[in-house]
Amino acid sequence: QQQVKQSPQSLIVQKGGISIINCAYENTAFDYFPWYQQFPGKGPALLIAIRPDVSEKKEGRFTISFNKSAKQFSLHIMDSQPGDSATYFCAASSQGNEKLTFGTGTRLTIIP
Amino acid sequence: DAGITQSPRHKVTETGTPVTLRCHQTENHRYMYWYRQDPGHGLRLIHYSYGVKDTDKGEVSDGYSVSRSKTEDFLLTLESATSSQTSVYFCAISQGNEQYFGPGTRLTVT
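Which chain is which? The protein sequence lines are A and B, in order. FYI, this note's numbering numbers position 74 of the first sequence as 74, with every residue one higher than the one before it. FYI, this note's numbering numbers position 90 of the second sequence as 1090, with every residue one higher than the one before it.
Quick caveat, the hints were computed from the structure, so don't treat them as lab data. Certain hints may be false.
As the list claims (entries may be wrong) - Now the in silico label distances, taken between C-beta atoms and shown as ranges:
1. B:T1026 to A:H76: 16 to 24 Å
2. A:G41 to B:T1110: 15 to 23 Å
3. B:T1082 to A:G60: 38 to 46 Å
4. B:G1016 to A:P82: 40 to 48 Å
5. B:E1072 to A:G16: 41 to 49 Å
6. A:G16 to B:G1096: 29 to 37 Å
7. A:P82 to B:T1108: 26 to 34 Å
The beta-carbon is built from N, C-alpha and C at its ideal position, and this holds for glycine as well.
My request is simple: use the sequences and hints to build the entire structure.
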């Protein structure tokens, strides 16, 4: 049973555009939602994370939007750059549970 | 990289042979994890450890065993490798909810 559903599977965005990746979860006990960025041949790296007490968190060009009632959260990459081309994973966990549940990943390609 | 190393980085082995992958950390983290990454499946938890000699199963633990005799080392063993275990394996540590990953081991079972 997949508890975190991620879409789209792949995404192509022009340089300077906005990249949007969406995730939906089922477990209402989840209270921590990170995004990971992975470049080819490397391990995933923590990019940004949010807790449900806020609806939005911004770090530079990266923003997480969180909708608790819809059980959805999304990653927005503003002014997308070729260096942002990577695979992105959303994940979720609940308080007191050290295990993360991951989405299936989105391969993002930024074209000139 | 949170002081995580994995060895070997690449391995090719034959079906039916035992294989052990090693994860080493230098920062005394209590929690350690083994994941496998496959196209279309994302990252799936195999086993995790919450202390020396304390381990538990993840969602895809069949065919795998782990051991943690020292805080810094977490070993993943495939008792008898199968082609379905061809994958990229990642070790991770956690600091609270935040997890940090090693560089990965690419395992091919022929």
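Tested hints:
As the Cβ distance of T1026 of chain B to H76 of chain A is approximately 35 Å, the hint placing it in 16 to 24 Å is violated. For G41 of chain A paired with T1110 of chain B, a C-beta distance near 21 Å keeps the hint of 15 to 23 Å intact. Under the hint 38 to 46 Å, the C-beta atoms of T1082 of chain B and G60 of chain A, about 44 Å apart, fit the expected range. The hinted window of 40 to 48 Å between G1016 of chain B and P82 of chain A holds, with their beta carbons roughly 44 Å apart.
Hint check: E1072 of chain B to G16 of chain A, Cβ distance near 45 Å, so the stated range 41 to 49 Å holds. The given range of 29 to 37 Å is respected by G16 of chain A and G1096 of chain B, whose C-beta atoms sit roughly 36 Å from each other. The hint said 26 to 34 Å for the Cβ distance between P82 of chain A and T1108 of chain B, and at roughly 31 Å that hint holds.
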